[in-house]
Amino acid sequence: MWTTIFVSGISLGSFYVLVALGFALIFGVTRNFNLAHGELLVLAGYSSYWLWKVWAFPFVLTFPFAILVILLICLGLQRLFSRLRDPIELNSIVLSFGVAVLIQNSMLFCFSGDYRLIRIPMLNQRFHIPGFYISYGQLTLFFSSLIILGILYVLMYQTYLGKALRATIQDKDAAALAGINVAAMGTLAFCIGAVLIGLAGPLYGCIHYLYPSTGNEATLVAITITIFAGVGRLGSIILAGWILGLAESFTVVLCGASWREMVSAVLLLTLLAFRPHGILGKGEG
Amino acid sequence: MIQSSFTKTFQDNTKRRVTVDRAGLFLGLLLLFTLPLLVQSNDYILQVFTHALLLASLALAWNLLGVSGSISLGHAAFFGVGAYGSALLSLEQGLSPWITIPLAGLFAAGLGLMMGLICLRLRGAYFALATLAFVEIPRVITGNWDALTKGSLGLVGISGLPTLCVGDWHVDFGAGTTASYYLVFVYSLVLLGVVTFVFRSNMGLALEAIRDEEIAAEAVGIHVTKYRLLSLLMSAFFTGVSGACYAHLVRYIEPGLVYGLHFSAIPMILAICGGRFTILGPALAAMVLYPVDQFIFHPLLPAGHEFLYGAVLILTVLFMPNGFWGRLRNAS
Numbered sequence: 001m002w003t004t005i006f007v008s009g010i011s012l013g014s015f016y017v018l019v020a021l022g023f024a025l026i027f028g029v030t031r032n033f034n035l036a037h038g039e040l041l042v043l044a045g046y047s048s049y050w051l052w053k054v055w056a057f058p059f060v061l062t063f064p065f066a067i068l069v070i071l072l073i074c075l076g077l078q079r080l081f082s083r084l085r086d087p088i089e090l091n092s093i094v095l096s097f098g099v100a101v102l103i104q105n106s107m108l109f110c111f112s113g114d115y116r117l118i119r120i121p122m123l124n125q126r127f128h129i130p131g132f133y134i135s136y137g138q139l140t141l142f143f144s145s146l147i148i149l150g151i152l153y154v155l156m157y158q159t160y161l162g163k164a165l166r167a168t169i170q171d172k173d174a175a176a177l178a179g180i181n182v183a184a185m186g187t188l189a190f191c192i193g194a195v196l197i198g199l200a201g202p203l204y205g206c207i208h209y210l211y212p213s214t215g216n217e218a219t220l221v222a223i224t225i226t227i228f229a230g231v232g233r234l235g236s237i238i239l240a241g242w243i244l245g246l247a248e249s250f251t252v253v254l255c256g257a258s259w260r261e262m263v264s265a266v267l268l269l270t271l272l273a274f275r276p277h278g279i280l281g282k283g284e285g
Numbered sequence: 001m002i003q004s005s006f007t008k009t010f011q012d013n014t015k016r017r018v019t020v021d022r023a024g025l026f027l028g029l030l031l032l033f034t035l036p037l038l039v040q041s042n043d044y045i046l047q048v049f050t051h052a053l054l055l056a057s058l059a060l061a062w063n064l065l066g067v068s069g070s071i072s073l074g075h076a077a078f079f080g081v082g083a084y085g086s087a088l089l090s091l092e093q094g095l096s097p098w099i100t101i102p103l104a105g106l107f108a109a110g111l112g113l114m115m116g117l118i119c120l121r122l123r124g125a126y127f128a129l130a131t132l133a134f135v136e137i138p139r140v141i142t143g144n145w146d147a148l149t150k151g152s153l154g155l156v157g158i159s160g161l162p163t164l165c166v167g168d169w170h171v172d173f174g175a176g177t178t179a180s181y182y183l184v185f186v187y188s189l190v191l192l193g194v195v196t197f198v199f200r201s202n203m204g205l206a207l208e209a210i211r212d213e214e215i216a217a218e219a220v221g222i223h224v225t226k227y228r229l230l231s232l233l234m235s236a237f238f239t240g241v242s243g244a245c246y247a248h249l250v251r252y253i254e255p256g257l258v259y260g261l262h263f264s265a266i267p268m269i270l271a272i273c274g275g276r277f278t279i280l281g282p283a284l285a286a287m288v289l290y291p292v293d294q295f296i297f298h299p300l301l302p303a304g305h306e307f308l309y310g311a312v313l314i315l316t317v318l319f320m321p322n323g324f325w326g327r328l329r330n331a332s
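Chains as they are written, first to last, in my numbering: chain D, 1 to 285; chain S, 1 to 332.
Treat each hint with caution, since some may be false.
To be verified - For each label pair, taking beta carbons as the anchor points, the in silico distance ranges come out as:
(1) D:I5 to S:V186: 35 to 45 Å
(2) D:L72 to S:G193: 41 to 51 Å
(3) D:A257 to S:P102: 35 to 45 Å
(4) S:F26 to D:A257: 53 to 63 Å
(5) D:V60 to S:V194: 58 to 68 Å
(6) D:G179 to S:G28: 49 to 59 Å
(7) S:V39 to D:Y115: 55 to 65 Å
(8) D:A257 to S:R22: 52 to 62 Å
(9) S:P291 to D:F143: 49 to 59 Å
(10) S:G28 to D:N124: 39 to 49 Å
(11) S:V156 to D:N124: 31 to 41 Å
In case anyone wonders, no lab produced these hints; they're calculated from the structure.
No residue lacks a Cβ here, since even glycine has one placed at the ideal position from N, Cα and C.
Build out the structure end to end from the sequences listed, making use of the hints.
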């Protein structure tokens, strides 16, 4: 039984890593808290659902469409964010909160409040390893998060562009002094973030019911993981995601499913209470 | 010479503005006071304005904290605890809402103290994020404490708004929409008075100083933590009272509703759009935006009509950081 909980915790954690990556990247490079993150994720899920259900597209082919939708919205968002005055972090919260309300209501208008799920039967099938239960869905989440992280790692640490991005994350002004086009890095971060959201959204729709107001929970998860990991640390993001996933699946088993929603909130509050400066702390790992 | 004439014009302008404001406020209040007569007790219109007044009270209460520069995304916590506190006390103990509504405010203030202990050492964006997470705690606890709160089923059959008895004179505020309207009207008016008093007192000055430059405020001897906590507690108390009024007004509550994002978002949006450093702005925004939402957008777009609040918030943040009323009155 414990291995099952462990496996489901890790796969949930891998999923949370996917959810959080876009948020973490956008926050790291531009210092904008994008509270509309969860809504964008759900919107990506809806676009994929729409293609899959109405036009009977194969699920895998819906990803490019979801990415495109989110990319367009994120580029628009970036224009809005770049007009913000100081204090940027606080104003970005208020602005993106407005965007979240806007997207949520647009989705309510377009897709109604019904619960929708992208049902892929294969994902629920059991992968046969004697002794423990693991489904194809869990394996997919685990490996897709590792693969996406791997690609991101290569991008950030092996290319010149990644170096510029990391420099912007570390110190915006110094990066600008060194000749890096910080504004372009911001746009780029929004683009990569949009791709990550476009990849995570359809997966979200496979394992979680889609309805317009569910994005809030995903936003909270993304905030928790980002602050837990600290800025610009890919390795600690996966650790943070796994810890959150494990904490949630143990909570479900020990206390009941309805307490799960409190885990990320408590974790975030504890982090903020003991590391009041949040990200300035070194984080874990 | 030029200087003095300038000062004189400035003073004249200010004086004129204050006169205009007072006249406008008086006219507005008169209009609200006579509204039941004007609309001939049309239930729907009165209900909308009752709700608008309740939202105005929420925005005013939010602004008690907002004036110190903190932005809370978690006021639904106080609203929900107020609603549940008052509803449970009157359902289980059979107490009169006259007692349970203030008690509910105290519960909310207690929760505010908890939030203060956890969140008040945070500033700016991190405070906002912490409050966003904080709502989950009372929400999940209320949803899971089946024995007391009936969990996610919610509470039904909550007693209506109370009856006022002075000697032989009885007013049953729960009896009809007109009576409820007047009770919420009087409550919002009292809260407006409290906010005016606080903003013009030393505490208001202290909060303004903290907002502008916290370190300098501390350096001139303002007890920053004390004032921030005090403003949070007052804000929580009145939000709780509004939540209790809501419970007795609507007479049905459930965790997803009263702890929902709606009641965190709306006071914040209204206060920021109206002008979060002004006294009247938040209430004004509520009295304008909510009726516009209900009378114009709701019939047009039954699903998703609340996009209005998001759009207004985005426009305000980008083009009028001081809010509508702040732009009109302070910045010019």
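Each hint, compared with the structure:
no.: 1; hint: D:I5 to S:V186: 35 to 45 Å; result: violated (55 Å)
no.: 2; hint: D:L72 to S:G193: 41 to 51 Å; result: holds (49 Å)
no.: 3; hint: D:A257 to S:P102: 35 to 45 Å; result: holds (37 Å)
no.: 4; hint: S:F26 to D:A257: 53 to 63 Å; result: holds (55 Å)
no.: 5; hint: D:V60 to S:V194: 58 to 68 Å; result: holds (59 Å)
no.: 6; hint: D:G179 to S:G28: 49 to 59 Å; result: holds (57 Å)
no.: 7; hint: S:V39 to D:Y115: 55 to 65 Å; result: violated (39 Å)
no.: 8; hint: D:A257 to S:R22: 52 to 62 Å; result: holds (56 Å)
no.: 9; hint: S:P291 to D:F143: 49 to 59 Å; result: holds (53 Å)
no.: 10; hint: S:G28 to D:N124: 39 to 49 Å; result: violated (60 Å)
no.: 11; hint: S:V156 to D:N124: 31 to 41 Å; result: holds (38 Å)
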